[in-house]
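Asks: Working from the sequences, and respecting the hints, build out all of it.
In the order they appear, the protein sequences are chains A and B.
Under my numbering, the residues of the first sequence are numbered 736 to 1103, in order.
Under my numbering, the residues of the second sequence are numbered 13 to 353, in order.
Since the hints were made in silico from the structure, they are not lab data.
Where a beta carbon is used, it is the ideal one built from N, C-alpha and C, also for glycine.
Among the hints, erroneous ones may be present.
[Unchecked claim] Calculated cross-link-like contacts (lysine to any residue; reagent style SDA-like; alpha-carbon spacing at most 25 Å):
#1 K253(B) with R1073(A)
#2 K980(A) with A1030(A)
#3 K253(B) with R786(A)
[As the list claims (entries may be wrong)] Partial list, computed: chain A residues near chain B (C-beta under 8 Å):
#4 P740
#5 R743
#6 P745
#7 I748
#8 A749
#9 G781
#10 G783
#11 L784
#12 M787
#13 Y854
#14 P960
#15 K980
#16 H1095
#17 R1097
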Amino acid sequence: MSEAPELRDPRVIAALIGEIASVAETMDRQVVLMEVCGTHTHAVAGAGLRRMLPEGVRLISGPGCPVCVTPVDYLDRALALADLPDTTVCTFGDLMRVPSSLSSLERAHAEGSPIEIVYSPRDALDMARANPKRQVIFLGVGFETTAPTIAAAIAEAETGGVDNFLILPGNKVMPPPMRSLVEDQELKVDGFLLPGHVSVLTGWECFRFLAEDYQVPGAVVGFSPADIMRGVADLLHQVADGRSKISNLYSRVVSPQGNRVAADMVARVFEPVATAWRGFGEIPDSGLGLRPDFAHRDAGLIDVELPPPHEPTGCACGDVLRGVIDPPECPLFAAACRPDSPVGACMVSSEGTCAAWYRHERLTGTAR
Amino acid sequence: MKKNTPRRLLLGHGSGGRLTHELVEGTFLPALNNPILASLTDAAVLPELPPGRPALTTDGFVVDPPIFPGGNLGELSVCGTVNDLAVAGARPLWLTWGLILEEGADGELIAACAAGTASAASEAGVQIVAGDTKVVPRGKGDRIYAVTAGLGVVPPGREISDARIDAGDVVIASGPLGDHGATIMAARHRLDAGSLVSDCAPLNGLIESVFAAGIDIHSMHDPTRGGVLTVCNEVAERSGKRLILSETAIPVRPQVRAVCEVLGLEVLGLACEGRVLAWVHRDQADAALDAFRAHPQGAEAAIFARVEDAAEGAIPVVMETEVGSTRPLDMLSGSDLPRIC
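Replies: Pasting the structure below:
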């Protein structure tokens, strides 16, 4: 990639660690910072950053992995749709292994269900064009980052008259669960590392409420080790000084208002709806539903029979997603629940907190 | 295209009758020309083996797409088997070549793969001495699958084994890692990966040149499926030693990193089809690196890991990250699935 080398320079990181440690020493308690973006989870774990922080700073992961926060009944519905005649279900790859109540997309695929992995909703639209006699249903999950391309595919299907292209709406937006997190009595988050990719689309101003309504600081950061450590240092300074503002440390790509073209496309196709998050329950205005004009493309309105939703016994994904516990505190972690046999959703995607911990944070114990 | 190559494969091309005969005589024999194969007897009767211990291996090839930048399934079917012999310390001699073709497959594709098989065999200095062709009904296979078996001989006095790996060894990669896997994934997803091509190549020439330079290689592996992650974890398990990789020393092309970024793949989980990882004692590290780099296929060789004794309960394979931290390296779980964002 074309990122500047200083963003990965160990000397730059060492200097930032020194700065973080010196501020942490002045604090009389541990400071809890949360990242809420799967790519941050992955980047922190991949570079081993958590291990470099002083004890006074705890960096936890929030509900930033789109696969992980997708509730089990969404998958149950996707599997039921795949059983309909002349229907193909298209999905992003990392939903494949997430356990549903009774199975998973991967298992159903092996049993012959017409389920296809695509890299983009456009691929699913192309499939619908090429197979006019089949109904092609795209599983529309993700955050603000995937919503514009899904909206664009819907708009293109409309103008192109591709009547057999539908989606199962499951997109979510970040600010509402963050409000839940700062209101959570069980969890005390001192500051947020705000998601870089999401902010490119939304702009950073949508996170102002954290600082203004709740006096919790935030820092929009990129994904290199130096970006992340600069964010940690910024938040720590703010906490130590009793300040709270939203710092945009990713100004090379993030603006206050974000990408208006993308926002307009999303607003044309989607509207805010209440939706359920794994670990949080239903949160008002936290999902994107299709506007009534597009109801004929809403596979969620198709009547299918669903099994009673079943969450695996003992699975603590909900607490992990809210940052209440770290993965090793879950009794299933690295025992019954491993990346090759995930029990909970957080162990599935490489962005999942548990998978990232399993793969990158453990330095003792057997690897397999 | 050879004038006798069929335009489309028919079920009859696998029937053993006239069409099979035409396919073999018209397409395969001209490409793979050698007297043992040309005798078309039920079994290839081979000359006596040179001194040493015989080594035998087999491998199946099902790559999609079958023709990719830098190679094709035919070349791969030779390189894969030649390399499995070579990393065991054997000198590859003879291969068999079995084809499972899909009814309707493009004759030119089959001819191209036969030509690739021939050129790779020639480069490796091996002969294809026996073959078989089957055709399955349309939809029961994907154009072309190949299975090869290879016979070679480990010369007297050569001992390549994970049991010889010890604390104090270093690990050399013969070239940049992941080129093949990234090329295939980019082709499959129609990504423009620029000048990136598969590393698919026979390794026996390179490996023999390193032996000829007097290097005592303790063990070797070719990081094919599962990539470096799988090889390192398997080696750690078998040898009981700990491997420590240095992120900054791992040779990876920028295009390969870019493909991984876009598709959400793990670089070290990508397959190579023309790279060898070699374990040598650190006292021979510089000499070994020079020996690898003296051969055109090893020009970009690098030392990227070291071996230590494993403490009780320690994770067996770890990476020192570029920012100065460490993290464990596990095998991939299942197939490496693309991430959402």
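Asks: Confirm or reject each hint.
Replies: Structure-based check of each hint:
1. K253(B) with R1073(A): Given that 25 Å is the threshold and the Cα spacing comes to 24 Å, the pair holds.
2. K980(A) with A1030(A): Measuring from Cα to Cα gives roughly 40 Å; hence the hint is violated.
3. K253(B) with R786(A): holds, 24 Å
4. P740: With a closest approach of 10 Å, the P740(A) hint is violated.
5. R743: Status holds, d = 6 Å.
6. P745: Nearest chain B Cβ about 4 Å off; hint holds.
7. I748: holds, 4 Å
8. A749: holds, 7 Å
9. G781: Given a least distance of 7 Å, the restraint on G781(A) holds.
10. G783: holds, 3 Å
11. L784: holds, 6 Å
12. M787: Holds - the Cβ of M787(A) comes within 8 Å of chain B, reaching about 5 Å at its closest.
13. Y854: holds, 6 Å
14. P960: holds, 4 Å
15. K980: violated, 27 Å
16. H1095: Interface hint status for H1095(A): holds (4 Å vs cutoff 8 Å).
17. R1097: holds, 6 Å
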